[in-house]
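Asks: Residue-level listing of the chains:
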Amino acid sequence: GQSLEQPSEVTAVEGAIVQINCTYQTSGFYGLSWYQQHDGGAPTFLSYNGLDGLEETGRFSSFLSRSDSYGYLLLQELQMKDSASYFCARPTDSWGKLQFGAGTQVVVTP
Amino acid sequence: NAGVTQTPKFQVLKTGQSMTLQCAQDMNHNSMYWYRQDPGMGLRLIYYSASEGTTDKGEVPNGYNVSRLNKREFSLRLESAAPSQTSVYFCASSEGQATDTQYFGPGTRLTVL
Numbered sequence: 001g002q003s004l005e006q007p008s009e010v011t012a013v014e015g016a017i018v019q020i021n022c023t024y025q026t027s028g029f030y031g032l033s034w035y036q037q038h039d040g041g042a043p044t045f046l047s048y049n050g051l052d053g054l055e056e057t058g059r060f061s062s063f064l065s066r067s068d069s070y071g072y073l074l075l076q077e078l079q080m081k082d083s084a085s086y087f088c089a090r091p092t093d094s095w096g097k098l099q100f101g102a103g104t105q106v107v108v109t110p
Numbered sequence: 001n002a003g004v005t006q007t008p009k010f011q012v013l014k015t016g017q018s019m020t021l022q023c024a025q026d027m028n029h030n031s032m033y034w035y036r037q038d039p040g041m042g043l044r045l046i047y048y049s050a051s052e053g054t055t056d057k058g059e060v061p062n063g064y065n066v067s068r069l070n071k072r073e074f075s076l077r078l079e080s081a082a083p084s085q086t087s088v089y090f091c092a093s094s095e096g097q098a099t100d101t102q103y104f105g106p107g108t109r110l111t112v113l
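Chains X and B, in that order, are what the protein sequence lines are. Residue numbers for the first sequence follow the working numbering, beginning at 1 and rising by one. Residue numbers for the second sequence follow the working numbering, beginning at 1 and rising by one.
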């Protein structure tokens, strides 16, 4: 089964803020990444946290707490184009093999 | 730069048929990966190649073989397709470290009847 847990779906209105949580198992931790995938498209990289704290990239931020085995992706000022699936992923070795969560579908409504 | 390209985009096979999915990258990346994506399951790693000439199993390797033909190309072969292999297959590449971004191809949508 998945060792990264995230909610299956989140719905919010345009302009709102959404937080997607991800909890993981701690063996061999090499950081936590986030990827976005629009319907029918390829996953694209959003952010990576190797250390505790907040990483900000425009409207998106990602946070990591290694002591809590927990991270989140924060989507601010939601836009319709943000409707997509968001995956947390963790490298399982130093060579970059990724293990993905099942994904959170974000639905943005007018 | 084309990034990561995959062929074909769509394929329908009958049970027992074989086929090879092709993947190429033009970013001079060391590592390449094959994932499958099923509804509600996220992406699962099938095989990866840390460098030219090396390959290793991922989470779900059964029923698949791979070849790292050169630094650019990494192919995935289904020797005897089964309905359970109906999925979307993504190829990805990266510099090869845990902190590096993975760049994904557009995917191949495979249906096995």
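It is possible that some hints are incorrect.
As the list claims (entries may be wrong) - Below, computed lysine to aspartate or glutamate pairings styled on EDC-like, alpha-carbon distance capped at 16 Å:
no., chain 1, residue 1, chain 2, residue 2
1, X, Lys97, B, Asp100
2, X, Lys97, B, Glu79
3, X, Lys97, B, Glu95
Unchecked claim - One-sided and incomplete, this derived list gives chain B residues near chain X with beta-carbon spacing under 8 Å:
no., residue
4, Ser31
5, Leu43
6, Gly53
7, Thr55
8, Gly58
9, Phe90
10, Ser94
11, Gln97
12, Ala98
13, Thr101
14, Phe104
15, Pro106
16, Gly107
Don't read these hints as lab results, they were simulated from the structure. Since the model is a prediction, treat every value here as computed from it, not as a measurement. Just so you know, even glycine gets a beta-carbon here, dropped at the ideal spot from N, CA and C.
Asks: For every hint, state whether the structure bears it out.
Replies: Evaluated hints:
{"no.": "1", "hint": "X:Lys97 <-> B:Asp100", "in the structure": "holds (10 Å)"}
{"no.": "2", "hint": "X:Lys97 <-> B:Glu79", "in the structure": "violated (24 Å)"}
{"no.": "3", "hint": "X:Lys97 <-> B:Glu95", "in the structure": "holds (12 Å)"}
{"no.": "4", "hint": "Ser31", "in the structure": "holds (6 Å)"}
{"no.": "5", "hint": "Leu43", "in the structure": "holds (5 Å)"}
{"no.": "6", "hint": "Gly53", "in the structure": "violated (15 Å)"}
{"no.": "7", "hint": "Thr55", "in the structure": "violated (12 Å)"}
{"no.": "8", "hint": "Gly58", "in the structure": "holds (6 Å)"}
{"no.": "9", "hint": "Phe90", "in the structure": "holds (7 Å)"}
{"no.": "10", "hint": "Ser94", "in the structure": "holds (5 Å)"}
{"no.": "11", "hint": "Gln97", "in the structure": "holds (6 Å)"}
{"no.": "12", "hint": "Ala98", "in the structure": "holds (4 Å)"}
{"no.": "13", "hint": "Thr101", "in the structure": "holds (4 Å)"}
{"no.": "14", "hint": "Phe104", "in the structure": "holds (4 Å)"}
{"no.": "15", "hint": "Pro106", "in the structure": "holds (5 Å)"}
{"no.": "16", "hint": "Gly107", "in the structure": "holds (6 Å)"}
Taken one by one, the earlier hints fail for this structure at numbers 2, 6 and 7, listed in ascending order.
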